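Chemist: Here are the chains, one letter per residue:
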Amino acid sequence: MANLLWLQGGACSGNTMSFLNAEEPSACDLVTDFGINVLWQPSLGLELGDQVKEIIEKCISGEIKLDIFVFEGTVINAPNGTGEWNRFCGRPMKDWVKELSAAADFVVAIGDCATYGGIPATAPNPTDSVGLQFLKRAKGGALGDGFTAKSGLPVINIPGCPAHPDWVTQILVAVATGRAGDLTLDEFHRPKTFFSSFTQTGCTRNMHFAYKVSTTAFGQRKGCLFYDLGCRGPMTHSPCNRILWNRHSSKTRAGMPCLGCTEPEFPFFDLAPGTVFKTQTVMGVPKDMPEGVDKKGYIKLTAAAKGAAPAWAEEDIFVV
Amino acid sequence: MDDDQMRATIAGMLACGLETEVWPRAGTSEEVNAIVARLQVEAGDNLERKLVIAGFTDHTIEADGIEQPCETCMYYKVHARFCDLPELMLPVEPEWSCRLWRI
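For the protein sequence lines, the chains are E and X, in the order given. Under our numbering, the first residue of the first sequence is numbered 1, with each subsequent residue one higher. Under our numbering, the first residue of the second sequence is numbered 1, with each subsequent residue one higher.
Think of the hints as simulated: they come from the structure by calculation, not from any bench. Computed from a predicted structure; not experimentally measured. For every residue, glycine included, the Cβ atom is placed at its ideal position computed from N, Cα and C. It is possible that part of the hints are untrue.
Claimed, not checked - Here are some chain X residues pointing at chain E (derived, C-beta under 8 Å): (1) Asp3; (2) Glu30; (3) Ile35; (4) Ala43; (5) Ile61; (6) Thr72; (7) Tyr75; (8) Val78; (9) His79; (10) Ala80; (11) Leu85.
What the hints assert, rightly or not - Simulated pairs of lysine to any residue, SDA-like, Cα-Cα distance not exceeding 20 Å: (12) Lys77/X to Ala308/E; (13) Lys222/E to Ala80/X; (14) Lys300/E to Asp64/X; (15) Lys77/X to Ala210/E; (16) Lys278/E to Ala80/X; (17) Lys58/E to Thr32/E; (18) Lys295/E to Gly27/X; (19) Lys296/E to Glu67/X; (20) Lys295/E to Ile61/X; (21) Lys65/E to Glu99/E; (22) Lys300/E to Gly65/X; (23) Lys192/E to Gln170/E; (24) Lys77/X to Gln5/X; (25) Lys77/X to Leu301/E; (26) Lys77/X to Ile299/E; (27) Lys77/X to Thr302/E; (28) Lys53/E to Glu63/E; (29) Lys296/E to Glu71/X; (30) Lys296/E to Ile66/X; (31) Lys77/X to Glu315/E; (32) Lys77/X to Phe218/E; (33) Lys278/E to Asp288/E; (34) Lys77/X to Ala304/E; (35) Lys278/E to Glu291/E; (36) Lys287/E to Gly65/X.
Please model the entire structure based on the sequences and the hints provided.
Modeler: Okay, here's the thing in structure tokens:
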């Protein structure tokens, strides 16, 4: 049995809602099939007030073995580094986070806020929010660059806004069943099994990307969303088009550009007006290229691809 | 008027010296948005205003060391020889150019 405690900081509860929709495995499977004992979770726990505090204190003292500490939301430091804007069970949440992280075998950050700061940490970051071990791309965060949990692993980051439920449950199962050694993390502490490929991998619009045919309005089924509508699929690491949402779809499949929410910089361009859902360009060339592609190569490729584009690529082939 | 007739009409207007706003090119996304906003407000369905505001030419313009023909623009539909930018929606020729070009 593995004891799991889940707390929320500067969060919208979106990752809890996502987690509760998990299917492979489901949240119930974690308990019934994989031996995870959920000590407390904000939306599932029956305990209130002092009862929750008692659980937390026993985890810190070691009276209850804390195998997995899950954190959702940012660590709030305002005002003036005190963390008083996010109090929980009688003291700043940031203090609980530090002590629980030191007591846990594994620390798992769920969602973009807990991993990299996400939307709350967007400039001017009024809550002085940070992720557990990063602030955007900068290492450090609430626990510091050198932090490792008792297992020897740093914080395991499962980003996303929200994170896909099955990414969460599958990582929790791996950790709870003694297979954490199989996890390889990338430079941003994301499990490589999920975050080595791109959102574009498996996108149904890939042929439109290849032939450089653009979507010009939301909801269109033809065309690629990268060229005009700001889709970040070609440079975002996630399996959104391999492990589908609700088992059958994804943003790009539904005609909605990828926002890049599994990358540390999310939300991009500090959400300045005109930057969301619009490809940012310099002299007509995208500012952000598909990963590994340079400007010269991109221009050459585009000219060649458009020249070779078949007629069907310009039509809506999904209409019968 | 079908697309061929419309294309010929546009070619005639440009050949007759219609002065369009070829420069400055839309260098940044903000400049693109500003030109698109002008097309929405000032041009509507008026063909001449569309051509003027978008800076149409009947030859390719080079800017910042990059040739900007319709042929390589993201809004260009190769087989229809058509500009698919919602604010323009015009038949064009591949060697033409406008300042909203993007790749």
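Chemist: So, for every hint listed, does it hold in this structure?
Modeler: Tested hints:
Annotation: Asp3/X was flagged as interfacial toward chain E, and the flag is violated, the nearest CB pair being 14 Å apart, outside 8 Å. Checking Glu30/X against chain E by beta carbon gives a least distance of about 6 Å; that is within 8 Å, so the hint holds. A distance limit of 8 Å between C-beta atoms decides the matter here; for Ile35/X the minimum to chain E is near 12 Å, and the interface restraint is violated. Taken as an interface hint, Ala43/X does not check out: its beta carbon lies about 17 Å from the nearest beta carbon of chain E, beyond 8 Å.
Given the 8 Å rule on beta carbons, the hint for Ile61/X is violated: about 11 Å separates it from the nearest Cβ of chain E. Given the 8 Å rule on beta carbons, the hint for Thr72/X holds: about 5 Å separates it from the nearest Cβ of chain E. At a threshold of 8 Å, the smallest CB-CB gap from Tyr75/X to chain E is about 7 Å, leaving the interface hint in force. Nearest Cβ of chain E to the Cβ of Val78/X: about 5 Å, under the 8 Å cut. The hint holds.
With its C-beta approaching chain E no nearer than about 4 Å, His79/X sits inside the 8 Å limit, and its interface hint holds. The restraint placing Ala80/X at the interface with chain E holds, with a minimum CB-CB distance near 7 Å, inside the 8 Å limit. Proximity of Leu85/X to chain E holds as hinted, the smallest CB-CB distance being about 7 Å (cut-off 8 Å). The hinted pair formed by Lys77/X and Ala308/E meets the criterion: a straight-line CA distance of about 12 Å does not exceed 20 Å.
For a cut-off of 20 Å, the pair hint linking Lys222/E to Ala80/X stands: about 16 Å separates their Cα positions. Our distance criterion of 20 Å between C-alpha atoms is met by Lys300/E and Asp64/X, whose separation comes to about 16 Å. As the CA atoms of Lys77/X and Ala210/E are separated by approximately 14 Å, the hinted pair is consistent with the 20 Å bound. The straight-line distance between the Cα atoms of Lys278/E and Ala80/X is roughly 25 Å, outside the 20 Å bound, and the hint therefore fails.
The suggested pairing of Lys58/E with Thr32/E is violated, with an alpha-carbon distance near 24 Å, which exceeds 20 Å. Proposed proximity of Lys295/E and Gly27/X is supported: the alpha carbons are some 15 Å apart, at most 20 Å. At roughly 12 Å between alpha-carbon atoms, Lys296/E and Glu67/X fall within 20 Å of each other, so this suggested pair holds. Of the supplied pair hints, the one linking Lys295/E and Ile61/X holds, its CA atoms being roughly 19 Å apart against a limit of 20 Å.
With a C-alpha separation of about 13 Å, the suggested pair Lys65/E and Glu99/E falls inside the 20 Å cut-off, and the hint holds. As the CA atoms of Lys300/E and Gly65/X are separated by approximately 13 Å, the hinted pair is consistent with the 20 Å bound. About 13 Å separates the Cα atoms of Lys192/E and Gln170/E, which keeps this hinted pair within 20 Å; it holds. Proposed proximity of Lys77/X and Gln5/X is supported: the alpha carbons are some 18 Å apart, at most 20 Å.
In summary, the hint linking Lys77/X to Leu301/E is supported, as the alpha carbons are separated by about 17 Å, within the 20 Å threshold. A hinted pair counts as satisfied when its Cα atoms are at most 20 Å apart, and Lys77/X with Ile299/E qualifies at roughly 17 Å. Note on Lys77/X and Thr302/E: the hinted pairing holds, with a Cα-Cα distance of about 13 Å set against a maximum of 20 Å. As the CA atoms of Lys53/E and Glu63/E are separated by approximately 13 Å, the hinted pair is consistent with the 20 Å bound.
Note on Lys296/E and Glu71/X: the hinted pairing holds, with a Cα-Cα distance of about 17 Å set against a maximum of 20 Å. Between the alpha carbons of Lys296/E and Ile66/X the distance comes to roughly 10 Å, so the proposed pair stays at or under 20 Å and holds. Straight-line distance between C-alpha atoms of Lys77/X and Glu315/E comes to about 10 Å, which keeps the hinted pair within the 20 Å bound. Taking the CA atoms of Lys77/X and Phe218/E, the gap is about 18 Å. The hint holds against a cut of 20 Å.
Under the criterion of a C-alpha separation no larger than 20 Å, the hint pairing Lys278/E with Asp288/E is consistent with the structure, at around 12 Å. Proximity of Lys77/X to Ala304/E is assessed by CA-CA distance (about 14 Å); at most 20 Å being required, the pair is judged to hold. A distance of roughly 18 Å separates the Cα atoms of Lys278/E and Glu291/E; the hinted pair therefore holds under the 20 Å criterion. Between Lys287/E and Gly65/X the CA atoms are separated by roughly 16 Å; this keeps the pair inside 20 Å, and the hint holds.
Violated hints, listed in ascending order, are 1, 3, 4, 5, 16 and 17; each of the other numbered hints is respected by the structure.
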